[in-house]
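K.L.:
Read off the chains here:
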Amino acid sequence: MRERSFVQRNKRVSLRELTDLVALRPPGEQEKRAAGRIPEAMAAEVPEAQVRAFERAGWVFQERDARDETPTGSSRATVFVKPGGRLALGTNTLTVQLQGDPSDEEAAAILKPFGVELLQRLKFAPGLFRAAVMDGARGDTVDLANELVETGIVRFAEPELIEGLGGRQ
Amino acid sequence: MQWTFQLRGKEVTLAVVEETVAVRPREGLRARTATRSAAARDFGRLAKDDRDGRTGLDLPVRSRHLFERAGWLFVEPQPEVERAAFMTRTTVRGAETVQQVFVDRGGNLQVTTDILTVQMDPEMTESQVQERLTVDGLTVIRRLSFATNTFEASATDQRPLPELIHTLQSSSYYRFAEPMLLQAITGRLKPTDPRYPDQWQHANDGSNGGVAGADIHAEQAWDRTRGRGATRPVRIAIIDNGMQVDHPDLQAAIVGGGYFESSDVGTTTFVRLQTGGTDFPDVSHGTFCMGMAGARMNNGRGGCGSAPEADLIAIACLKDQIGTQTTLARAVAYAANPGTEDAQATVSDGAEVIVCSLGPNNADWDLTSILDLAIQSAANGGRGGAGCPLFWATSNGPFPIAGDEVSSHPDVIAVGRSNRMDQTDGSAFGPKLEFLAPGRDVFNTRSGSGYRFWTGTSFAAPLAAGVGALVLAVNPNWTAGQVRERLRETCDRVGGVNYDANGHHDRYGYGRINAARAVE
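Going down the list, the protein sequences come from chains A and B.
Numbering of the first sequence is given in numbering that gives the first Met the number 0, commencing with residue 0 and proceeding in unit increments.
Numbering of the second sequence is given in numbering that gives the first Met the number 0, commencing with residue 0 and proceeding in unit increments.
Since the hints were made in silico from the structure, they are not lab data.
Treat the numbers as computed from the prediction; the structure is a model and nothing was measured.
Hints may contain errors.
What the hints assert, rightly or not - No farther apart than 20 Å at their CA atoms in a straight line, the calculated lysine to any residue pairs in the SDA-like style are these:
1. A:K122 / B:T147
2. A:K122 / B:N107
3. A:K122 / B:K189
4. A:K10 / B:Q343
5. A:K10 / B:D341
6. A:K81 / B:E79
7. A:K10 / B:G402
8. B:K189 / B:N298
9. A:K122 / B:V270
10. A:K122 / B:G383
11. A:K122 / B:S347
12. A:K10 / A:K122
13. A:K81 / B:D363
14. B:K189 / B:G205
15. A:K122 / B:G384
16. A:K122 / B:G402
17. A:K10 / B:T112
18. A:K122 / B:G380
19. A:K122 / B:G396
20. B:K9 / B:A154
21. A:K10 / B:L366
22. A:K81 / B:A344
23. A:K122 / B:Q343
24. A:K122 / B:G205
25. A:K122 / B:G93
26. A:K122 / B:N361
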């Protein structure tokens, strides 16, 4: 277990990384699986309903040292718990808003030294991009979001986290 | 000033609407006189419309609009127009007729005509009747054959109508003589959809343990508008996990949209809604939300939505209910400006009203910067800068709403749920709760082309969004802030609780939304 944090809307958000676990998602359409045993490290942190919601979306959770039986090409994600016991999965992408409104080329040049590459410009605000952590970068999205914020070249940099967003019924 | 006369043997008093007359322009001129300047030139300054929330003249708004739909104008008259209104058989150039305006005890407009109904003494012969009518300056328009010596008549000369009525009512030759007054008499719109009686959210008759009137008062609102503006229907964007876009009660309403397809972990690609396409994510929750806002009325199916003539934009994201706030942010931005995702679309294809019922049901939900920007962009920059009213369902749990940074965002209208007794139904509470709307055991569309009862703030929010669309249909130039303010101030303060000095209560917000008052 590792305590992490990053800055979100000028506030520091705490994350608890469940380092003993990994989330895996086999490629393609998912077959319905019987509800599995929830790893102990997770059961103590997250309500079962949340875990089951992720499982229905095709994610499985297992100890890092367990024998990996998921098919080749499965997606892997870091397992985090947000304050309030909200389960979140780390991706290798982040959202950044650069100062000013640089072109795509300028933005790519600004981010490349950090091991971050542009994925997509988002058009509803200036300087807004989705970006990905490149292989060999100095850390994961949480590390790089913190690094980018510290340099002052961004208005914000936040890791994209996968969370449960179902209907409020 | 008042006018008192006899009606069926009883004294009736009508209040004069001061400095106001009703003009019915000649048919060919009605379009021209619809503009303020032309009307002012021809007849007098037009009564202010209610875009600023009140009428300039002391007119009941709803019945005034019904008269206007029938071709009447209400003006502060020029002198000759005022004179014409006061006298029978008198009009002015360009007008079919000019009449006096009154308000009855019930607050309804009454407009005079040049016609009166009279019944002469039944013992009088035909010639005696004719002779008497001539002496009194009346000419018969029509004999009413269901009663003896009874006629529709009009004056043969120019006289003040009240004076004429008074003279006739004082005469022993007349059993009665009554003015024929025009009133706005409409059948209250009651949809004919077969399951409409199950939709207590629109009109609660008190059955099934409910309280009559514990509803959004939709029927009175629908007399005024059903979501179609002057030039086209108001567009409501519904953001959800998915929806049945070919549901028979929704398909005709849907004018655009798309879905975000997962292409990698956390990454999504926008796909435009295609007519006849089969890949659109279909989730019953979203189908129900669509129905609450815009299911069609009087189509022989199910029930209807609160804005049954509004258009719908279907936006599906996170179809397996797991995903990033970035995708949700893109969906919100797309709703206001489809050009942000779809190269073939522009901001003019965007929605006027946006609603989303996604989010966790526990106490806390942190807001990312990306979703914050999207909300700000839609709520303030949508509709060419007027902003899109953005409705969001609160958490269903009895948690402080402040822990949910999305529905308590300053630009979001946070909607909780009420039950059929006009009580809060246990959803999130606090200063940021805007108001309640029916959300317990409400009835509407589900996937599989069917219908069901369902409970959730998820369904209160699109019901309220439909009311927002009704407000914009009658006030198309209002900002999102003005719509929000109107919805707040017209809520019914239900629940038997004490609202604070600002009219707010932590568990009721500003009350239960009232569509009828909102569109007055």
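K.L.:
Does each hint fit the structure? Answer for all of them.
P.N.:
Quick rundown of the hints versus the structure:
1. A:K122 / B:T147: Given that 20 Å is the threshold and the Cα spacing comes to 78 Å, the pair is violated.
2. A:K122 / B:N107: violated, 51 Å
3. A:K122 / B:K189: Cα-Cα ~44 Å, so violated.
4. A:K10 / B:Q343: violated, 38 Å
5. A:K10 / B:D341: violated, 33 Å
6. A:K81 / B:E79: Between K81 (chain A) and E79 (chain B) the Cα gap is close to 75 Å, so the pair fails against 20 Å, i.e. violated.
7. A:K10 / B:G402: Holds, at roughly 14 Å.
8. B:K189 / B:N298: holds, 13 Å
9. A:K122 / B:V270: Distance ~17 Å between K122 (chain A) and V270 (chain B) Cα, so the pair holds.
10. A:K122 / B:G383: holds, 16 Å
11. A:K122 / B:S347: holds, 16 Å
12. A:K10 / A:K122: violated, 25 Å
13. A:K81 / B:D363: Given that 20 Å is the threshold and the Cα spacing comes to 10 Å, the pair holds.
14. B:K189 / B:G205: holds, 16 Å
15. A:K122 / B:G384: holds, 16 Å
16. A:K122 / B:G402: violated, 29 Å
17. A:K10 / B:T112: violated, 69 Å
18. A:K122 / B:G380: It holds: about 13 Å lies between the C-alpha atoms, which stays within 20 Å.
19. A:K122 / B:G396: At roughly 35 Å apart (the allowed maximum being 20 Å), G396 (chain B) and K122 (chain A) break the hint.
20. B:K9 / B:A154: violated, 24 Å
21. A:K10 / B:L366: holds, 11 Å
22. A:K81 / B:A344: Status violated; Cα separation ~37 Å.
23. A:K122 / B:Q343: holds, 14 Å
24. A:K122 / B:G205: Status violated; Cα separation ~49 Å.
25. A:K122 / B:G93: violated, 54 Å
26. A:K122 / B:N361: Violated. K122 (chain A) to N361 (chain B) sits at ~32 Å, over the 20 Å cutoff.
In summary, the numbered hints that this structure violates are 1, 2, 3, 4, 5, 6, 12, 16, 17, 19, 20, 22, 24, 25, 26.
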